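Trainee: Let the hints inform the model, and build the full structure from the sequences given.
There are 2 protein chains.
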Amino acid sequence: MNIILLGSGNVATHFGEALVKAGHRVTQVYSRTYAHASRLAGRIGAEPVAELAALDRKADLYLIAVSDDAIGRLAAQLPSSLQGLVVHTAGSVGLDVLAQPQRRYGVMYPVQTFSLAKAVDFSKVPLALEGSDEQVYTQLEQIAVTFSGRTFACDSKQRLAIHVAAVFVCNFTNHLYAVGADLLDRHGLAFDLVRPLILETAQKVLTYQPREVQTGPAVRNDSGTMEKHLALLADRPELMSLYQLISARIQSN
Amino acid sequence: MNIILLGSGNVATHFGEALVKAGHRVTQVYSRTYAHASRLAGRIGAEPVAELAALDRKADLYLIAVSDDAIGRLAAQLPSSLQGLVVHTAGSVGLDVLAQPQRRYGVMYPVQTFSLAKAVDFSKVPLALEGSDEQVYTQLEQIAVTFSGRTFACDSKQRLAIHVAAVFVCNFTNHLYAVGADLLDRHGLAFDLVRPLILETAQKVLTYQPREVQTGPAVRNDSGTMEKHLALLADRPELMSLYQLISARIQSN
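Line by line, the protein sequences are chains F and S.
Be aware that the first sequence starts at 1, since it is given in my numbering, and climbs by one per residue.
Be aware that the second sequence starts at 1, since it is given in my numbering, and climbs by one per residue.
It should be emphasised that the hints constitute simulated quantities derived from the structure, not laboratory data.
Please read these numbers as outputs of a predicted model, since none were measured by experiment.
Beta carbons are placed, not taken as given, at the ideal position from N, Cα and C, and that holds for glycine.
Just to be clear, a hint being listed does not mean it is correct.
What the hints assert, rightly or not - Okay, derived cross-link-like pairs now, BS3-like style, lysine-lysine, Cα gap no bigger than 27 Å in a straight line: (1) F:21 - S:204; (2) F:124 - F:204; (3) F:118 - S:204; (4) F:204 - S:21; (5) S:228 - F:157.
To be verified - Residues of chain F placed beyond 12 Å of chain S at every Cβ, according to the derived structure: (6) 22; (7) 77; (8) 95.
Unchecked claim - Computed beta-carbon distance windows for the label pairs: (9) S:244 - F:235: 17 to 25 Å; (10) S:22 - F:253: 34 to 42 Å; (11) F:119 - S:54: 53 to 61 Å; (12) S:102 - F:244: 36 to 44 Å; (13) S:240 - F:100: 33 to 41 Å; (14) S:245 - F:23: 45 to 53 Å; (15) S:32 - F:117: 49 to 57 Å; (16) S:150 - F:117: 21 to 29 Å; (17) F:235 - S:9: 32 to 40 Å; (18) F:155 - S:240: 17 to 25 Å; (19) S:245 - F:96: 30 to 38 Å; (20) S:116 - F:96: 47 to 55 Å.
Mentor: The structure is reproduced here in structure tokens:
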């Protein structure tokens, strides 16, 4: 399978490396900034390209992994003579932004958080797939199973729901970690003290549903402890609001 | 070391098993409800006791692991002739609730979440220690290192701060997992889809500080994506508030 990557950031890099590892050829990496294209292309044995006109028209797959708001614009600028599939990788962008007469297009959305500093085992990343028709879907699935251990069909609305859920369980959760780090720091304590707790909390829901393992003063209706906590946060009204809002939600669940 | 456990729940059970594994003798388990005392005592080779008057006065350590609001009451009812240390295990309860003339007392607070259904490796649980005097502290440390890989000194105010931080990084985080599970369920999707993401999010902060690895639309100021997310939550005003509150906090950090 000959693949062209459009994008050179985090997601493009993780896709590129997973595809090459699975035995595919990434022939070109496109970025508006040549140095960025060149950096990723060098890592995966591809040709860097900074002009859309220089794209090979004969690739099997054009994989768009640029920022969400740039996907539609880039897809509209692609040469109309492309034979291969045009696919984006975003959670919150509909399939339809890729639509063009005669084009075959789809989505391959990895439900995972990527950072350049940390390798991710793509075989454990669920891949949400959507195709412009059945045949495209089947092709996407054939590609996906070569590097992901888990693929599933998902329309654009469902994909957006996954993306919102991901914001809660990943981005917002990380913010709660930051709140904890800040509280500890203000009391002369290291964040390291709660790292085993953070890991255990995550590991628990790998086998249980979150509601089944909810713990803490809110779910126990332990108002004495909650009052002590709020007293400790007295000089931080924003944190008090957050504490009260989430506690009330836990209690009403 | 001869130890008596007061309490028969989650925390008492995990302490009891860790102490026995470390080679200590738990001679008695006290609970007001004999059947509860008996259940835990049977697991760790101790005598079950339902009356405080039946407590052996010669133990080295009386470890109180009952609900937070019961600690002070129980400690006040203990026979005044006890020779050993009287120690509680709670995050949000001060050392002073144990105070009595002639008594030697302290706190041993495990920074971890325990559930009966899941074993915890106590050697990885940080133990916050506080003693009524230097000598007590030293004794507590000698006991603690036999079953915890990590002990540290911590006064009652700091311990409360750890407990509040734990609520944010554990209890509230678990609630965000529940929000994600609920969102997915409403769209016909399994919670299992975000489990790898949850684990990766936790694992990332095992080596990084949370602020360094914050991702998502809020930190990118991606208002287009945030608007799509809020539109998906339009029929759930409480979730919209939570989304907006946490996003605003991330943006102002």
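Trainee: The structure should be examined with respect to each hint, and the outcome stated for every one.
Mentor: To see whether the hints hold, each was checked on the structure:
A threshold of 27 Å between alpha carbons decides the hint, and for residue 21 (chain F) with residue 204 (chain S) the separation of about 23 Å falls inside it, so the pair holds. A C-alpha spacing of about 18 Å is found between residue 124 (chain F) and residue 204 (chain F), which places the hinted pair at or below 27 Å, so the restraint holds. Under the criterion of a C-alpha separation no larger than 27 Å, the hint pairing residue 118 (chain F) with residue 204 (chain S) is consistent with the structure, at around 8 Å. Straight-line distance between C-alpha atoms of residue 204 (chain F) and residue 21 (chain S) comes to about 23 Å, which keeps the hinted pair within the 27 Å bound.
For the hint pairing residue 228 (chain S) with residue 157 (chain F), the CA-to-CA distance comes to about 10 Å; that is within 27 Å, so the pair holds. Interface exclusion of residue 22 (chain F) from chain S stands, the closest Cβ pair being 18 Å apart, more than 12 Å. With a minimum CB-CB distance of about 19 Å to chain S, residue 77 (chain F) clears the 12 Å threshold, and the non-interface call stands. In this structure residue 95 (chain F) is separated from chain S by more than 12 Å, as the shortest Cβ-Cβ distance comes to about 14 Å.
The hinted window of 17 to 25 Å between residue 244 (chain S) and residue 235 (chain F) holds, with their beta carbons roughly 23 Å apart. Checked against the given bound of 34 to 42 Å, the beta carbons of residue 22 (chain S) and residue 253 (chain F), roughly 38 Å apart, stay inside it. Between residue 119 (chain F) and residue 54 (chain S) the C-beta distance comes to about 58 Å, which sits within the given range of 53 to 61 Å. At roughly 42 Å, the beta-carbon separation of residue 102 (chain S) and residue 244 (chain F) lies within the given 36 to 44 Å, and the hint holds.
Between residue 240 (chain S) and residue 100 (chain F), the C-beta spacing of about 35 Å keeps the proposed range 33 to 41 Å intact. Checked against the hint of 45 to 53 Å, the pair residue 245 (chain S) and residue 23 (chain F) passes, with Cβ atoms roughly 46 Å apart. A beta carbon spacing of about 52 Å between residue 32 (chain S) and residue 117 (chain F) agrees with the range 49 to 57 Å that was offered as a hint. Under the hint 21 to 29 Å, the C-beta atoms of residue 150 (chain S) and residue 117 (chain F), about 26 Å apart, fit the expected range.
Distance hint check: the CB atoms of residue 235 (chain F) and residue 9 (chain S) are about 34 Å apart, consistent with the given range 32 to 40 Å. In this structure the hint that residue 155 (chain F) and residue 240 (chain S) lie 17 to 25 Å apart at CB holds, the actual value being about 23 Å. Look at residue 245 (chain S) against residue 96 (chain F): about 32 Å separates their beta carbons, and that is inside 30 to 38 Å. At roughly 50 Å, the beta-carbon separation of residue 116 (chain S) and residue 96 (chain F) lies within the given 47 to 55 Å, and the hint holds.
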